[in-house]
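For the protein sequence lines, the chains are A and B, in the order given.
Numbered according to the working numbering, the first sequence spans residues 7 to 411.
Numbered according to the working numbering, the second sequence spans residues 7 to 411.
No wet-lab data here; the hints were simulated from the structure.
Warning: the hint list may mix true and false statements.
Same chains, same names: a pair is fine if it fits in one copy or spans any two.
Heads up, simulated DSSO-like pairs for lysine-lysine below, C-alpha to C-alpha not over 30 Å straight-line [claimed, not checked]: (1) 296 / 71; (2) 71 / 344; (3) 404 / 374; (4) 71 / 346; (5) 291 / 346; (6) 374 / 346; (7) 71 / 172; (8) 374 / 35; (9) 346 / 35; (10) 35 / 136; (11) 291 / 374; (12) 404 / 179.
No experiment lies behind these values; they were computed from the predicted model shown.
Number of protein chains: 2
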Amino acid sequence: MPVNLSAPVAARLLPVAGVSLGVAEANIKRADRKDLLVIKLDEGATVAGVFTTNRFCAAPVTVAKAHLAAGKGIRALLVNTGNANAGTGEQGMAAARTTCAELAKLLGCASEQVLPYSTGVIMEPLPVGKIVAGMPQAIANLKADNWFDAAHAIMTTDIVAKAVSKQVQIGGKTVTVTGISKGSGMIHPNMATMLGYIATDAAIAQPLLQQMVSEAANRSFNCITVDGDTSTNDALMLIATGRSGVQIAESERAAMQTAVSEVATVLAQAIVRDGEGATKFITIKVEGGKDEAECKNIGYAIAHSPLVKTAFFASDPNLGRILAAIGYAGVGDLDVGKLKLYLDDVLVAENGGRAPSYQEEDGQRVMKQSDIAIRVVLNRGKVNATLWTCDFSYDYVKINASYRS
Amino acid sequence: MPVNLSAPVAARLLPVAGVSLGVAEANIKRADRKDLLVIKLDEGATVAGVFTTNRFCAAPVTVAKAHLAAGKGIRALLVNTGNANAGTGEQGMAAARTTCAELAKLLGCASEQVLPYSTGVIMEPLPVGKIVAGMPQAIANLKADNWFDAAHAIMTTDIVAKAVSKQVQIGGKTVTVTGISKGSGMIHPNMATMLGYIATDAAIAQPLLQQMVSEAANRSFNCITVDGDTSTNDALMLIATGRSGVQIAESERAAMQTAVSEVATVLAQAIVRDGEGATKFITIKVEGGKDEAECKNIGYAIAHSPLVKTAFFASDPNLGRILAAIGYAGVGDLDVGKLKLYLDDVLVAENGGRAPSYQEEDGQRVMKQSDIAIRVVLNRGKVNATLWTCDFSYDYVKINASYRS
Numbered sequence: 007m008p009v010n011l012s013a014p015v016a017a018r019l020l021p022v023a024g025v026s027l028g029v030a031e032a033n034i035k036r037a038d039r040k041d042l043l044v045i046k047l048d049e050g051a052t053v054a055g056v057f058t059t060n061r062f063c064a065a066p067v068t069v070a071k072a073h074l075a076a077g078k079g080i081r082a083l084l085v086n087t088g089n090a091n092a093g094t095g096e097q098g099m100a101a102a103r104t105t106c107a108e109l110a111k112l113l114g115c116a117s118e119q120v121l122p123y124s125t126g127v128i129m130e131p132l133p134v135g136k137i138v139a140g141m142p143q144a145i146a147n148l149k150a151d152n153w154f155d156a157a158h159a160i161m162t163t164d165i166v167a168k169a170v171s172k173q174v175q176i177g178g179k180t181v182t183v184t185g186i187s188k189g190s191g192m193i194h195p196n197m198a199t200m201l202g203y204i205a206t207d208a209a210i211a212q213p214l215l216q217q218m219v220s221e222a223a224n225r226s227f228n229c230i231t232v233d234g235d236t237s238t239n240d241a242l243m244l245i246a247t248g249r250s251g252v253q254i255a256e257s258e259r260a261a262m263q264t265a266v267s268e269v270a271t272v273l274a275q276a277i278v279r280d281g282e283g284a285t286k287f288i289t290i291k292v293e294g295g296k297d298e299a300e301c302k303n304i305g306y307a308i309a310h311s312p313l314v315k316t317a318f319f320a321s322d323p324n325l326g327r328i329l330a331a332i333g334y335a336g337v338g339d340l341d342v343g344k345l346k347l348y349l350d351d352v353l354v355a356e357n358g359g360r361a362p363s364y365q366e367e368d369g370q371r372v373m374k375q376s377d378i379a380i381r382v383v384l385n386r387g388k389v390n391a392t393l394w395t396c397d398f399s400y401d402y403v404k405i406n407a408s409y410r411s
Numbered sequence: 007m008p009v010n011l012s013a014p015v016a017a018r019l020l021p022v023a024g025v026s027l028g029v030a031e032a033n034i035k036r037a038d039r040k041d042l043l044v045i046k047l048d049e050g051a052t053v054a055g056v057f058t059t060n061r062f063c064a065a066p067v068t069v070a071k072a073h074l075a076a077g078k079g080i081r082a083l084l085v086n087t088g089n090a091n092a093g094t095g096e097q098g099m100a101a102a103r104t105t106c107a108e109l110a111k112l113l114g115c116a117s118e119q120v121l122p123y124s125t126g127v128i129m130e131p132l133p134v135g136k137i138v139a140g141m142p143q144a145i146a147n148l149k150a151d152n153w154f155d156a157a158h159a160i161m162t163t164d165i166v167a168k169a170v171s172k173q174v175q176i177g178g179k180t181v182t183v184t185g186i187s188k189g190s191g192m193i194h195p196n197m198a199t200m201l202g203y204i205a206t207d208a209a210i211a212q213p214l215l216q217q218m219v220s221e222a223a224n225r226s227f228n229c230i231t232v233d234g235d236t237s238t239n240d241a242l243m244l245i246a247t248g249r250s251g252v253q254i255a256e257s258e259r260a261a262m263q264t265a266v267s268e269v270a271t272v273l274a275q276a277i278v279r280d281g282e283g284a285t286k287f288i289t290i291k292v293e294g295g296k297d298e299a300e301c302k303n304i305g306y307a308i309a310h311s312p313l314v315k316t317a318f319f320a321s322d323p324n325l326g327r328i329l330a331a332i333g334y335a336g337v338g339d340l341d342v343g344k345l346k347l348y349l350d351d352v353l354v355a356e357n358g359g360r361a362p363s364y365q366e367e368d369g370q371r372v373m374k375q376s377d378i379a380i381r382v383v384l385n386r387g388k389v390n391a392t393l394w395t396c397d398f399s400y401d402y403v404k405i406n407a408s409y410r411s
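Modelling step: build the complete structure from the supplied sequences, incorporating the hints.
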C-alpha cells in the first residue's frame, strides 16, 4: 500500500485556462480501464520538457523531441498506457508518427503540433489501431475540469493517482499550476522520470520555460529512486497557456519557479510513496559535501542498496549497511572518521563507528515509522542534496515477477 | 536453494604442503557452529592479496594490509565469522590488533606475521574475548587435510561450502592449488569479494604473486554480483608455500596463472550460485565493445537491475527490461540499432527492436532453465567481458529482512 499518500480529490484540482483533457478506454492492454489521454492546448501555449537519457529511448520520446524542435506550436499531447513503444525499432517510430498524424487530422492541426507519449510493456508493437479507434471517445470527453480522470488514465502499476494544484499571486494576479504524474517501478530518473505533465496559465516564453522545467526536474523527479532502473520513456512536460494574463519575466521568475518546483516535488514524492511494494518512505539528506555530485552519489548508493532497503522493510536497525553503502559510493578521498550518520534525530555513527550515545531501541523506534529520514553529515564542504526513496519488500518482487501476466 | 552447486567432497580437497588449518567453535554469534579458522603457514611462504575498495573498510582489512606491507613473512591467517569488525572505529582497530597479538603469542611468531579477517554483522564491537578463548581449540585442530572443515568455518549466510582443488604439471612436477571462499550477499566486488583463500605449493616470489592474485581476481571475483553491494570486508588471498619444489618463473607463469584463475573462478561462481535467494545462475557475455569498461558497465547494468532479476526469477521473458538496462548503462554514444541480444542461442533483439525471428515460446523455454546465458553483441569494437549473477527472489528479501535476528 502507498505510504502516507492520499488519493487526489477531484474538487481540489483546478482547471488551467487554455488546457482541456479527454480520456478514453481504448482496450490497449486490458478492457474496462482508462488508458488513453488527450491534452488539448489552445493556440499560443508554450511547451517545454525533459526526457529520459536512456539510449534505448522509446520511439515516442524521439518523436516528441523532434516535434518540439520543429517549433510550430504544440496543440495536443497524446498519452497511452499499456504499451511503451520502446525497443520497437523503425516500426515503432512509424507507429508513433501515425498516432500523431491521426490525432492531428481529428483536431485540425499539423502532425508536428502533436506530442506522443507511451508507457507500459517494452518491446511489444504499439497497437496503433486501438489507439486511433479510441481517439474520438477521448476528444468527445475533452473538458478543462478533467485533471482527475486524466491522472487515472495514465496509471500503470500505480495504486494511487497523482495530481496536485497550487495557486500563487504574481503581479497582483492569481496564477494556477496543476500537474499529474504516473510511475511506480523502473524509477531512477536521469533528466526526468516516468510521465509528468504540469500546466500553468501564466505566459512563459519557451527558452525560460525550458529552464524552469529543467530546474524543477532537477529538484524533484531527478531526486527520487525506487529501483534504480531508468525508464526508456520518461518525460516531464511543462505547459504555459498564458491565459491568466500574467507574463513571467525575470523579476517574477523566482516565484513562478517555486510554484512549479513545488508541484513537481509533490508529484515526484507521490511516485516514491506509491513505489512498487513500498511500505516506508525514506528521505535521504546528504549534507556538508564538496559538490552536488558526491552528495547525490552517496545518497543514491544508500537509496539503491538492496540490503539497506530490505533492512528498512524489516524495521531492522541494521545500520552498518548504510555505512557500507556510503563507503562504496565512489568518493575516493572520503574520510569516514569525520562523518556523522543520523536516523531522524538519533545520532547513529561518528568517528568511524557506532556513536557511544546510540541505543538500539532508539534506532528501532525510528525504523518502525513509515516516514523516516536518513541524514549523513560529511563535514567536508558546504553542499547539501536531498533524495527520496522507498524500501524493498516481498511485494516488489511479487509485482515485478508477475507484471506481464 | 543454490543453483546447480554441489557441496564439496572432503576427499577431493587436496592438502597443500606447508599449510595447515584448524577450526573452532568460538560462539561468536551463535553456539554450535564452527566460526573460527586459523591457517598456519610454514616459514618461507609468500602471501599476496587484494582487498575491498570500500572506504568504510573493516579494521581487519586495514590491519592485514599493514601487516602484509611490513614484509616480515606471514605465518598465520585468522578468520572469524559472526562479526565483521567494520564501522567500529579506533576500538575496532585495537580489537583486530589484539587478536593478531594473541595468536602470535600462541604460535611463537610476531604480531605482524598474522593477518586478520572478519565477516558478519557490521557496526557491532568484535567479541575479542570469545575469539581469543577459541584459539587453543583451533590450534589443537591444525592439520594439512582440513580444507573441508575450513570451508565450513568461514560460512555466514552461505548454504553450501565453497572449496576446490586442482593439480597441474609444471616443469615435470605436480603443483597443487586448493582454495576456499565464502559469500552469498553484499556481493559486488571491486578489487576482490568477500573472503577467498587460495594456496599452492609452488614457489612464487611476492611481486609475481601479487600480480597473479590481481589477475585472478579480475577474471573471477571481480566479475560477479549478487546485489550490487560492495562489502566492507572483502579479501582474496593467495599463498605460495614453495613446498612442491617448483619455482615459478616467467616461463611457467601462464600455466600457473591459469590454474590459480580457474580455482578462483570456480570459487567466485560458487558464490553466485549460492547467492541469497538465488534460483537461477545467469552468465552475461558482452561482446564487441570498444573497451572492457563499457562491456562491464553494460553487463553490470543488466546484472544489477531489480526488474531484470525479478523477471528471471519469474521465468518471464520480459526481455525489454534487458534493453532498458543496456540503454542506461552510461555508454553515451551507443548505437542501439547495431546491437544484438541473445538468450542462450535465441536471437531476441536486433535493429533496435524485437527480432522478426523471435518467438515468445523460445524465450520462455530458455527462461525456465536454471543456467541461462545473456549475450549482448555490441558490434562496435573487439573487446569482450563475462560476468555472472543470479536472479532476485522473495527469499532474497526474506533472508535480508531477517539477517540479524
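*Report the numbers of all earlier hints that the structure fails to satisfy, in ascending order.*
Hint 12 contradicted; others consistent.
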